[in-house]
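K.L.:
Listed here are the chains, written in short residue letters.
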Amino acid sequence: EIKFILTETDTSVANALRRIMIAEVPTLAIDLVEFTENTSVLNDEYIAHRLGLIPIRYCAPDSLRGGDCHGAFLPHRECVCYEKCPRCSVEFDLDVNFDRIVNDRPENERDLPFTITSADLKSNNEFVSPAHFLNPEEQNESHDTGISIVKIGPGQHLKLKAIARMGIAKEHAKWSPVAVSTYRFDPIITINEEACATLTHEQKQQLVDVCPDRILELDEASGKLMVARDAWETATYTEDLRVTQTMMKKREEDDDFVTVEHNDDKFIFSVEGTGAMDAEEILMSSLRVLKERLNYLLNSVETLKDM
Amino acid sequence: MNAPERALSFLLDEDNAEEKITYAADTKVSNAGTFTINKEDHTVANLVRMQLLLNPQVRFVGYITPHPLVHKVDMKIQTFSSIIAPVEVLSTAIEDLSGETDRLITETTDAIAKWKKENQSGGMGQFQ
Numbered sequence: 012e013i014k015f016i017l018t019e020t021d022t023s024v025a026n027a028l029r030r031i032m033i034a035e036v037p038t039l040a041i042d043l044v045e046f047t048e049n050t051s052v053l054n055d056e057y058i059a060h061r062l063g064l065i066p067i068r069y070c071a072p073d074s075l076r077g078g079d080c081h082g083a084f085l086p087h088r089e090c091v092c093y094e095k096c097p098r099c100s101v102e103f104d105l106d107v108n109f110d111r112i113v114n115d116r117p118e119n120e121r122d123l124p125f126t127i128t129s130a131d132l133k134s135n136n137e138f139v140s141p142a143h144f145l146n147p148e149e150q151n152e153s154h155d156t157g158i159s160i161v162k163i164g165p166g167q168h169l170k171l172k173a174i175a176r177m178g179i180a181k182e183h184a185k186w187s188p189v190a191v192s193t194y195r196f197d198p199i200i201t202i203n204e205e206a207c208a209t210l211t212h213e214q215k216q217q218l219v220d221v222c223p224d225r226i227l228e229l230d231e232a233s234g235k236l237m238v239a240r241d242a243w244e245t246a247t248y249t250e251d252l253r254v255t256q257t258m259m260k261k262r263e264e265d266d267d268f269v270t271v272e273h274n275d276d277k278f279i280f281s282v283e284g285t286g287a288m289d290a291e292e293i294l295m296s297s298l299r300v301l302k303e304r305l306n307y308l309l310n311s312v313e314t315l316k317d318m
Numbered sequence: 165m166n167a168p169e170r171a172l173s174f175l176l177d178e179d180n181a182e183e184k185i186t187y188a189a190d191t192k193v194s195n196a197g198t199f200t201i202n203k204e205d206h207t208v209a210n211l212v213r214m215q216l217l218l219n220p221q222v223r224f225v226g227y228i229t230p231h232p233l234v235h236k237v238d239m240k241i242q243t244f245s246s247i248i249a250p251v252e253v254l255s256t257a258i259e260d261l262s263g264e265t266d267r268l269i270t271e272t273t274d275a276i277a278k279w280k281k282e283n284q285s286g287g288m289g290q291f292q
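So the protein sequences, as listed, match chains A and B. If you use this note's numbering, the first sequence corresponds to residues 12 to 318, in order. If you use this note's numbering, the second sequence corresponds to residues 165 to 292, in order.
Certain hints may be false.
Claimed, not checked - Chain A is faced by these chain B residues, among others (derived, beta-carbon under 7 angstroms): (1) A171; (2) S173; (3) F174; (4) L176; (5) K203; (6) L217; (7) R223; (8) I228; (9) Q242; (10) F244; (11) S255; (12) S262; (13) I276.
Unchecked claim - If you want a taste of the chain B side facing chain A, the calculated C-beta under 7 angstroms gives, among others: (14) N180; (15) I185; (16) N210; (17) L211; (18) V253; (19) L254; (20) I258; (21) L261; (22) R267; (23) I269.
FYI, nobody ran anything at the bench for these hints, they're computed from the structure. Using N, Cα and C, we set each Cβ at its ideal position, and we do this for glycine too.
Okay, chain A solo, but in the shape it has when bound (with noise of 0.2 angstroms):
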């Protein structure tokens, strides 16, 4: 998960970011599923959906880092093989018998059902594999092995080859690689001296204490209202604070003692990914996107204006 902030730029650019990072980043997927054995009690295409679903991790050959699939593979649409080649798409087994693996699992458990996870997922690509744990103790805390599929008792068998293509989340949503993508609006908190001059330090605590982000603060020395330093990041809602003012007024009309309002120009993203890219990773490519995509709108451009 990152979080960064874009200055000097319109709203239509951090949108369009936005838009791009959700939508038009293209990410690995499992597309394709054969069926050799499955007898549990989940239906083929469940499976198939949830298989799906399941976030693709791939590693460039030199990193350790979440990468962008764009460059190493192909969309398959644009592949000259016929159904799946190395190029264009990663191929994952999964064979889990029930009665095959009982006798690895310890005795006090050899009657619960088992559940199959991604972790079973076998891929013939060594950079490609599915998203895990994000550190040690993660793993440790958790109960499950990895993502799980499905759940399997005595004489089930699951056995299925799938085939992973990369895609853009327009055609589906299992391609998107992002969980949340948001920007809000940087605050512009301004206080007016004057008017908190005619407050008692009473008033004073009393607008402190009513927001409930805890964007102002009362500094000990002077007893002046200040901006808190972490007010940029915490401000989102500032009700309370307008309610408390107008009850403190002495006329309708006088000014505010704050001010909060947004400022047009400066945006704080919060994006965070599903696993299968780096957050980083998916701004630099959402960038690389939209770069792309001026560049053809360009070139069809100029064709216009020799015509």
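We have chain A; now place chain B onto it with these hints.
P.N.:
For chain B alone, kept in the frame of chain A given last:
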């Protein structure tokens, strides 16, 4: 059964010889015309429109997605003089946006590198 192919929302329909962008000059208003951009949506259209608004040569610019199920954008541009055609203004705007994107890319890479150095995060990889 009746649903159109999802991929058609962003790929040009080759079978029907769809072109990316077409232009129709406006008959009643001078120095104006409508561009129809196929297989695009608000992402790019709003961006281009805001950039065009900053241009003093542009008298009017607006865009609409005629129907959410039909993937195209109609953008109407009118300029002040007949010396500068709407096409010119449009291509200038897209060039400026492309330059701004380049600048964003370099500044983002620098900012990420700077943050990494300051935070010394060595283990950015994944644990299996």
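K.L.:
Compare the structure with each hint and give your call.
P.N.:
We went through each hint and held it up to the structure:
1. With 7 angstroms as the threshold, the beta carbon of A171(B) comes within range of chain A, its nearest partner Cβ sitting at about 5 angstroms, so the hint holds.
2. Restraint check, S173(B) versus chain A: the minimum CB separation of about 5 angstroms is within 7 angstroms; hint holds.
3. Satisfaction of the interface hint for F174(B) is found here, the shortest Cβ-Cβ separation to chain A being roughly 5 angstroms, below the 7 angstroms cut-off.
4. The interface hint given for L176(B) is violated, since its Cβ lies 10 angstroms from the closest Cβ of chain A, which is over the 7 angstroms cut-off.
5. Given hint, K203(B) at the interface with chain A, is violated; its Cβ is 10 angstroms from that chain's nearest Cβ, farther than 7 angstroms.
6. At a threshold of 7 angstroms, the smallest CB-CB gap from L217(B) to chain A is about 9 angstroms, leaving the interface hint violated.
7. A hinted interface residue such as R223(B) counts as satisfied when its beta carbon comes closer than 7 angstroms to some beta carbon of chain A; here the least separation is about 19 angstroms, so the hint is violated.
8. A hinted interface residue such as I228(B) counts as satisfied when its beta carbon comes closer than 7 angstroms to some beta carbon of chain A; here the least separation is about 15 angstroms, so the hint is violated.
9. Interface restraint check: Q242(B) against chain A, minimum CB-CB distance 17 angstroms, threshold 7 angstroms, status violated.
10. Taken as an interface hint, F244(B) does not check out: its beta carbon lies about 19 angstroms from the nearest beta carbon of chain A, beyond 7 angstroms.
11. Evaluation of the S255(B) hint against chain A yields a held restraint, the C-beta minimum of about 5 angstroms falling below 7 angstroms.
12. For S262(B), the shortest C-beta to C-beta distance to chain A is roughly 5 angstroms, which falls under 7 angstroms, so the interface hint holds.
13. With 7 angstroms as the threshold, the beta carbon of I276(B) comes within range of chain A, its nearest partner Cβ sitting at about 5 angstroms, so the hint holds.
14. A least Cβ separation of about 17 angstroms between N180(B) and chain A goes past the 7 angstroms threshold, and the interface hint is therefore violated.
15. Taken as an interface hint, I185(B) checks out: its beta carbon lies about 5 angstroms from the nearest beta carbon of chain A, inside 7 angstroms.
16. Proximity of N210(B) to chain A holds as hinted, the smallest CB-CB distance being about 4 angstroms (cut-off 7 angstroms).
17. Given the 7 angstroms rule on beta carbons, the hint for L211(B) holds: about 5 angstroms separates it from the nearest Cβ of chain A.
18. Against a cut-off of 7 angstroms between C-beta atoms, the interface hint on V253(B) is violated, since the closest Cβ of chain A lies about 10 angstroms away.
19. Checking L254(B) against chain A by beta carbon gives a least distance of about 6 angstroms; that is within 7 angstroms, so the hint holds.
20. For I258(B), the interface hint holds, since its Cβ comes within 7 angstroms of a Cβ in chain A; the closest pair sits about 5 angstroms apart.
21. This hint holds: L261(B) has a C-beta 5 angstroms from the nearest C-beta of chain A, less than the 7 angstroms allowed.
22. At a threshold of 7 angstroms, the smallest CB-CB gap from R267(B) to chain A is about 10 angstroms, leaving the interface hint violated.
23. Because the smallest distance between the Cβ of I269(B) and any Cβ of chain A comes to about 5 angstroms, under 7 angstroms, the interface hint for this residue holds.
Violated hints, in rising order: 4, 5, 6, 7, 8, 9, 10, 14, 18, 22; the structure is consistent with all others.
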